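Given the coordinates of chain A, assemble chain B onto it according to the supplied hints.
Heads up: the protein sequence lines correspond to chains A and B, in order. Under the working numbering, the residues of the first sequence are numbered 4 to 461, in order. Under the working numbering, the residues of the second sequence are numbered 3 to 284, in order.
Honestly, the hints are just simulated from the structure, not real lab data. Just so it is clear, the structure is predicted and the values come from calculations on it, not from any experiment. Do not take every clue at face value.
[Claimed, not checked] With a straight-line Cα cutoff of 20 Å, these simulated DMTMM-like cross-link-like pairs (lysine to aspartate or glutamate) come out:
hint	chain 1	residue 1	chain 2	residue 2
1	A	LYS69	B	GLU165
2	A	LYS69	B	GLU8
3	A	LYS206	A	GLU165
4	A	LYS206	A	GLU171
5	A	LYS69	A	GLU120
6	A	LYS69	A	ASP116
7	A	LYS69	A	ASP459
8	A	LYS69	B	GLU114
9	A	LYS69	A	ASP114
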Amino acid sequence: MIASFLSASRLAADVLQLRSTIRIGITGLARSGKTALLTSVAANLLALSAGRPALPAVSEQLRGRKLQVSVAPAAASAIPRFEVASHIAALAADPPRWPARTTAISLLALDLDVPREGLLAPLGAQRRRLEFLDYPGEWLLDLPLLGVDFADWSEATLRRLEAVECTEIARPFLAFVRGLPAGVKADEALTVTGHRLYTDLLKRLRDEAGWAFLQPGRFLMPPPGAPPPWTEFFPLPGRSPLANLMQSRFNAYVEAVRRDLMSPMFGDLDGLVVLTDLLSALNQGQSAFADAQAALAAAADALRWDQSWTEWLAAFARLELPPRSIGRVAFVATKADHIAARQRTNLAALMRRVTRIPDAGTTSAVFAVAAVRCTEDVVETLAGRPVSAVRGRIIGEARPARFYPGEVPDHPPDEAFWQHRFLALPDFEPMRLPEAGRGGIPQLGLDSLIAFLLMDLL
Amino acid sequence: MDTAPEPFLVLEPEVAPRLEAVPLILPTVEPVRWRLSPALVGAAILAVGFPLLWAVWLVSGLFDRWGALGWAGVAVLAAGFGLIGLGIGRELSGLAALRQVDQLRADLASGEADRVATAARRWLEALPQHVAILPAVAAAETPESVLALLRAGPVQALREATEVLGRTAALQSVAIVAATPSPALDVLTVGWCGVRLIRRVAALHGMRPGMVGTLILLQKTALAAATVAATEMALNAATHAVIAHPLLRHLAGDVAGAGVAARRMIVLARAAAAACSPLSRG
Chain A
4 MIASFLSASR
14 LAADVLQLRS
24 TIRIGITGLA
34 RSGKTALLTS
44 VAANLLALSA
54 GRPALPAVSE
64 QLRGRKLQVS
74 VAPAAASAIP
84 RFEVASHIAA
94 LAADPPRWPA
104 RTTAISLLAL
114 DLDVPREGLL
124 APLGAQRRRL
134 EFLDYPGEWL
144 LDLPLLGVDF
154 ADWSEATLRR
164 LEAVECTEIA
174 RPFLAFVRGL
184 PAGVKADEAL
194 TVTGHRLYTD
204 LLKRLRDEAG
214 WAFLQPGRFL
224 MPPPGAPPPW
234 TEFFPLPGRS
244 PLANLMQSRF
254 NAYVEAVRRD
264 LMSPMFGDLD
274 GLVVLTDLLS
284 ALNQGQSAFA
294 DAQAALAAAA
304 DALRWDQSWT
314 EWLAAFARLE
324 LPPRSIGRVA
334 FVATKADHIA
344 ARQRTNLAAL
354 MRRVTRIPDA
364 GTTSAVFAVA
374 AVRCTEDVVE
384 TLAGRPVSAV
394 RGRIIGEARP
404 ARFYPGEVPD
414 HPPDEAFWQH
424 RFLALPDFEP
434 MRLPEAGRGG
444 IPQLGLDSLI
454 AFLLMDLL
Chain B
3 MDTAPEPFLV
13 LEPEVAPRLE
23 AVPLILPTVE
33 PVRWRLSPAL
43 VGAAILAVGF
53 PLLWAVWLVS
63 GLFDRWGALG
73 WAGVAVLAAG
83 FGLIGLGIGR
93 ELSGLAALRQ
103 VDQLRADLAS
113 GEADRVATAA
123 RRWLEALPQH
133 VAILPAVAAA
143 ETPESVLALL
153 RAGPVQALRE
163 ATEVLGRTAA
173 LQSVAIVAAT
183 PSPALDVLTV
193 GWCGVRLIRR
203 VAALHGMRPG
213 MVGTLILLQK
223 TALAAATVAA
233 TEMALNAATH
243 AVIAHPLLRH
253 LAGDVAGAGV
263 AARRMIVLAR
273 AAAAACSPLS
283 RG
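For reference, chain A alone in the conformation it holds in the complex (with noise of 0.2 Å):
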């Protein structure tokens, strides 16, 4: 009932024009292309806009309506603009680059001018700004904090770093925890040490074992300005003053993050697409695939949650507004162009695997996406047979290469997958940009995750 309420005031607010504003979270896993992403989509909306055949999905939807999208000016936020006309140019140079690794968040706003049609028509065009968020990968694996207590997590966090592959990685950490006497004084330079090597810890788990799953996400990330002392904790089993002293500020950290999904600046999204590039992770071996499965499924998990009318009363008797929950989730496996359309259904039959997601939900969905599409689809002879691949340049390579990493599975992969090689990824270079980009980026499957986006809009 709720839900229908919710639905019923949004579309109320929607033709009313009340709400102007859409907000998208684009987050990732790390390296899943986040950047050419939200380049693509902005040089793709703009192409449209320009009467440029862009998008085919979001034309199909419009339905002979002109869509006008121009790149809103920057207001007077404290989140750094996405610079969007660099990236293109980036993509559009001959030889080209690909844009350089963001690791600031930024915010893409663009204005859409989008006519209405039937009986609402003659009212004229609906005007909104559309923000996508780069918010950073690292921050939604926090989303998971918000239904686990401090004991278990401890607990958890200790078990799977004990099952690290690289001991040494981890074994300045766990040889401190386990180090701690029994009953441990709440001391704050324990504190600080115990926080210092466990951020350490997760740091070269991010950087040398090329894991994702690593909580708490804002040691990594942290958020802007100075981090206040709450944030200073690490992960402690069992019963002691120190144990007591961390889970309270395990607690605050929580409470900063349900604050954060509702602040006008990092919250309030009524969407989010988590980009992740599976394909690496099935090249990088069974551990990173299962790290980044489980960091996918957390994610997952923790973005399903519905509101209850128990969630409403704890919010009023608190005197606050009730948790607002995002619109669409869109979870999306990156370098889709990277193997042949055959392999792509596979692709996004994975994802929706890993993810759990229903396969007819109108609030999530699984793509399979190139934003920047590097290839073309071929047929290769392999001893006699036919082998669908792909072919492109690799950057640096004047000869284009024909690539085939090996089958994609439809299911996470079991032990007999692994007894077979995935060929890393090769750097492609983009396709040639169509009138330098104002022709919009050729892409492979973003317009079917626009339009998912949109859909309540167009």
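Coordinates of chain B only, in the frame set by chain A:
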């Protein structure tokens, strides 16, 4: 899995250029075209043809009577049809100007440097009071800078002039509604006031629409009205500013419809400007 081929990465022997995307062809939705009704065309042929035949027959009859009378008939006929032709010409030029606004709007939104610069020059040439900005437009290198120049210069000036016209019309409408003896006549007088306002706003934007042009402009204004309706909050403030005079406030308060008429004039001026300007929003 055992039947799956071995993965491979092989380089082709020949050097090849950078890959090009296959151009997309989007399904085009045909706009609904207004088809001429045969009955309407027949009526138009009769309406024009018979008076013309009758005039020729009359002039030939006058020549039969007396040559000088015939020439006088020719002169009257030429003057009459000449003036009608002049009116039709003005209508057509007004319609062409309206069509040009749509073309300019498309060109300015194209994002192509040459197209935007040419459209900006063409628009400014139709606005003699703003030609001083032409050198700056010629020097601007990017479409964005050309549009920014237009928004800062002519668009801003036209917006301010439109506001003045709207406020003046609002004052007139308050007075007209107060002076009209019958509420039924309000519709006519305020309607006339509105049409006159639309034509004045069009003239401000370099257009001289005729009768048909005004009708089309009315239709475009109605469509544009929704886009400016979002400024409803600002409109209340504008209306209050217009009827700040104690006497006018008294009139607007006492005479039913006077305040509404004033608000409509301000909306109408803004909507007409949105319909006439190729860069009405920014």
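Quick rundown of the hints versus the structure:
{"no.": "1", "hint": "A:LYS69 - B:GLU165", "result": "violated, 29 Å"}
{"no.": "2", "hint": "A:LYS69 - B:GLU8", "result": "violated, 48 Å"}
{"no.": "3", "hint": "A:LYS206 - A:GLU165", "result": "holds, 17 Å"}
{"no.": "4", "hint": "A:LYS206 - A:GLU171", "result": "holds, 14 Å"}
{"no.": "5", "hint": "A:LYS69 - A:GLU120", "result": "holds, 11 Å"}
{"no.": "6", "hint": "A:LYS69 - A:ASP116", "result": "holds, 9 Å"}
{"no.": "7", "hint": "A:LYS69 - A:ASP459", "result": "holds, 17 Å"}
{"no.": "8", "hint": "A:LYS69 - B:GLU114", "result": "holds, 18 Å"}
{"no.": "9", "hint": "A:LYS69 - A:ASP114", "result": "holds, 14 Å"}
Hints 1 and 2 from the list above are not met by this structure, while the remaining hints are.
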